[in-house]
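Novice: This is what each chain is made of:
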Amino acid sequence: MAWLDSLSPQTQFVFFTLLKIACVLGPLLTLVAYAVLAERKVSALIQDRVGPNRVNLPLIGSIPVIGPFLTKLGFWHPLVDGVKSFIKEDFTPAHVRKIYFWLAPAIALVPAFLVVAVIPFGSTLGAQKMVIADLNVGILYTFGIVSLGVYGIVLAGYAANSKFPFLGGIRASAQMISYEIAMGMSVIPVFLVVGDLNLGKIIEHQAQNGWNAFPVFGGGFSAQSLLLIPCGVISFVIFFISALAETNRLPFDMAESESELVSGYHTEYSSMKFGMFFIGEYANMFAGAAMMTTLFLGGWTLPFLGLDVPPADGEWFKGLLHIGIFMGKMLAFMFIFMWIRWMLPRFRYDQLMDLGWRRMIPLALANIILTAAVLALTNR
Amino acid sequence: MIVKRNELTWFERLYLPALIGGLKVTTRHFLNTLTTKTPVTQQYPEEPTRVLPGYRGAPYLVRDQDGATKCVSCQLCEFVCPPKAIRITPPGPTGQPADRTNAEKMPEEFEINMLRCIFCGLCQEVCPEEAIFLKSDFSLTGLARSEMIYDKEKLLALGGTHPGIQKWKHKLDEAKEQETFPVKA
Chain A
1 MAWLDSLSPQ TQFVFFTLLK IACVLGPLLT LVAYAVLAER KVSALIQDRV
51 GPNRVNLPLI GSIPVIGPFL TKLGFWHPLV DGVKSFIKED FTPAHVRKIY
101 FWLAPAIALV PAFLVVAVIP FGSTLGAQKM VIADLNVGIL YTFGIVSLGV
151 YGIVLAGYAA NSKFPFLGGI RASAQMISYE IAMGMSVIPV FLVVGDLNLG
201 KIIEHQAQNG WNAFPVFGGG FSAQSLLLIP CGVISFVIFF ISALAETNRL
251 PFDMAESESE LVSGYHTEYS SMKFGMFFIG EYANMFAGAA MMTTLFLGGW
301 TLPFLGLDVP PADGEWFKGL LHIGIFMGKM LAFMFIFMWI RWMLPRFRYD
351 QLMDLGWRRM IPLALANIIL TAAVLALTNR
Chain B
381 MIVKRNELTW FERLYLPALI GGLKVTTRHF LNTLTTKTPV TQQYPEEPTR
431 VLPGYRGAPY LVRDQDGATK CVSCQLCEFV CPPKAIRITP PGPTGQPADR
481 TNAEKMPEEF EINMLRCIFC GLCQEVCPEE AIFLKSDFSL TGLARSEMIY
531 DKEKLLALGG THPGIQKWKH KLDEAKEQET FPVKA
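Quick mapping for you: the protein sequence lines, in order, are chains A and B.
1 is the number of the first residue of the first sequence in our numbering; add one for each residue after it.
381 is the number of the first residue of the second sequence in our numbering; add one for each residue after it.
To be clear, the hints were calculated from the coordinates, so they are not data collected in a lab.
Every residue, glycine too, gets a C-beta built ideally from N, C-alpha and C.
Check before you lean on any hint, since a few could be wrong.
Derived pair list, reagent style SDA-like, types lysine to any residue, alpha-carbon separation capped at 25 Å [claimed, not checked]:
#, chain 1, residue 1, chain 2, residue 2
1, A, LYS318, A, LEU31
2, B, LYS384, B, PHE410
3, B, LYS556, B, LYS532
4, B, LYS404, A, ARG341
5, A, LYS72, B, LYS485
6, B, LYS532, B, LEU552
7, B, LYS404, A, VAL96
8, A, LYS41, B, VAL460
9, B, LYS404, A, LYS98
10, B, LYS404, A, LYS318
11, A, LYS98, A, ILE170
12, A, LYS129, A, VAL50
13, B, LYS384, A, LEU331
14, A, LYS129, A, SER6
15, B, LYS404, A, PHE214
16, B, LYS384, A, ARG348
To give an idea of the chain A side of the interface with chain B (calculated C-beta under 8 Å), a few residues [stated by the list, open to error]:
#, residue
17, LEU45
18, PHE86
19, ASP90
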């Protein structure tokens, strides 16, 4: 690594950042593809079905046990789906507003990936912190970027210039704007407790004082930690529900609602333009799951076996294990997202707004006051 | 009928009972399918599909126990066929005689256009000789339209042999069964 040391610090920084971007984006896109497969398999199992089990590759399929098993698992379906969406005809209907029609998929896709930049997906590997951009205002950046996500959907609804996408776009804008308020308010208690906006610092605090969602282990029991349990639980639940709404997942998939609006905002899209909406949606789910892991479930830490501190010099295995822990927590959230999809029917539009404005926002406000009161009384 | 709608209690309005109920149902189905490995899906091309008795599949001609043609070319099925899928060419005065006793003639050609057939079963119902039956075949494929017009040889080969010459007996039994209620299966 002599040539690396010979570089200037700035060049090293650029080099490592680009490397990290590549190392995050590649696996993320793969995960997105396989999340689609997982979604199909989980829904199949919940509905007593088999799920995708057809695609067989010529050479690997003829390996005795592994080949048929992978086929049965549907392992090659994401590959085939990807190829299919690239070679399908990219049809542009005559009545669309062309510029916005081309712009919307990109605008839907990009914010989902930008959010990942500030999330600490591991502790350290060597001297490098496992986060692409270690921003001091990480969470503010996240909320700023997440709000952009709605523009892709609204633009798609407007650009398609037909009724169902338009309705989908309207619903999406109202829903996402409402739930963003509840989402933003639900994390304020976390910052009151932690006292920092840097996501890395939030994880450090959780390693010492217990996870924000359920702050018991870690610092041990004290009056403050016991009183903070309800605050943590409430803000976690509100954040989770808002995350479902922000990612347009059932029971909040008003923007798509297949049974009412054909497929909502992306009705007029085909081929890879539709694929980009699809990738964006799943990347958003991953971003939401990563945010929840970081803010409430202690990120890459586990409160035992000494896994809650960054690895010492040369402990490469521990660093990789931290990334694995983060991935495990994130994938657990992904599974819960898929599970909930088959558990709850879609909310009616007015029920959705009622839940957002008249339940979540007052509850989140009350929770801020409660947390502030607890912190003031226990006098940290 | 007026359905009484009870006011929801505050606990129910928390969505929690519904949420827990849903959790239970989906978890049960997920684990059952994962462990017992008996999903309801039929792997159709690999596993043959079960067809229940009484299913109306493709109409085929049948032979009697001696392997003779049962059809006497009366053309009732041709006349009753709603989509006009059946075309019968009678032998005419100089044609080939029937290959069985108790029959004057048999069709020179008997064609069913499976693309026109609507599988209604009227031909089977109208046939006085019990010579045509709707079998259980439902997946008929061909590479050309001409392939989908089944001729006499093909229909007889696919139909197979029908046990026993029991002309009118089944019709009588069926008529008697219609008199009583409930109708026997």
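Novice: All hints are to be evaluated individually against the structure, with a verdict given for each.
Specialist: For each hint, the structure was consulted:
1. A/LYS318 <-> A/LEU31: Distance ~22 Å between A/LYS318 and A/LEU31 Cα, so the pair holds.
2. B/LYS384 <-> B/PHE410: Cα-Cα ~34 Å, so violated.
3. B/LYS556 <-> B/LYS532: Given that 25 Å is the threshold and the Cα spacing comes to 33 Å, the pair is violated.
4. B/LYS404 <-> A/ARG341: 14 Å, holds
5. A/LYS72 <-> B/LYS485: 57 Å, violated
6. B/LYS532 <-> B/LEU552: The given pair, whose Cα atoms are some 28 Å apart, is violated under the 25 Å limit.
7. B/LYS404 <-> A/VAL96: Violated - the C-alpha atoms of A/VAL96 and B/LYS404 are around 45 Å apart, more than 25 Å.
8. A/LYS41 <-> B/VAL460: Distance ~49 Å between A/LYS41 and B/VAL460 Cα, so the pair is violated.
9. B/LYS404 <-> A/LYS98: With a Cα-Cα distance of about 47 Å, the restraint between B/LYS404 and A/LYS98 is violated, given a limit of 25 Å.
10. B/LYS404 <-> A/LYS318: Violated, at roughly 37 Å.
11. A/LYS98 <-> A/ILE170: 19 Å, holds
12. A/LYS129 <-> A/VAL50: Violated. A/LYS129 to A/VAL50 sits at ~42 Å, over the 25 Å cutoff.
13. B/LYS384 <-> A/LEU331: 44 Å, violated
14. A/LYS129 <-> A/SER6: Since the Cα atoms of A/LYS129 and A/SER6 sit roughly 20 Å apart, the hinted pair holds (cutoff 25 Å).
15. B/LYS404 <-> A/PHE214: 24 Å, holds
16. B/LYS384 <-> A/ARG348: With a Cα-Cα distance of about 21 Å, the restraint between B/LYS384 and A/ARG348 holds, given a limit of 25 Å.
17. LEU45: Since chain B brings a Cβ to about 5 Å from A/LEU45, closer than 8 Å, the hint holds.
18. PHE86: Check failed: Cβ of A/PHE86 comes no nearer than 28 Å to chain B, outside 8 Å.
19. ASP90: Violated, because the Cβ-Cβ distance from A/ASP90 to chain B comes to roughly 32 Å (cut-off 8 Å).
When each numbered hint is compared with the structure, violations occur for hints 2, 3, 5, 6, 7, 8, 9, 10, 12, 13, 18, 19.
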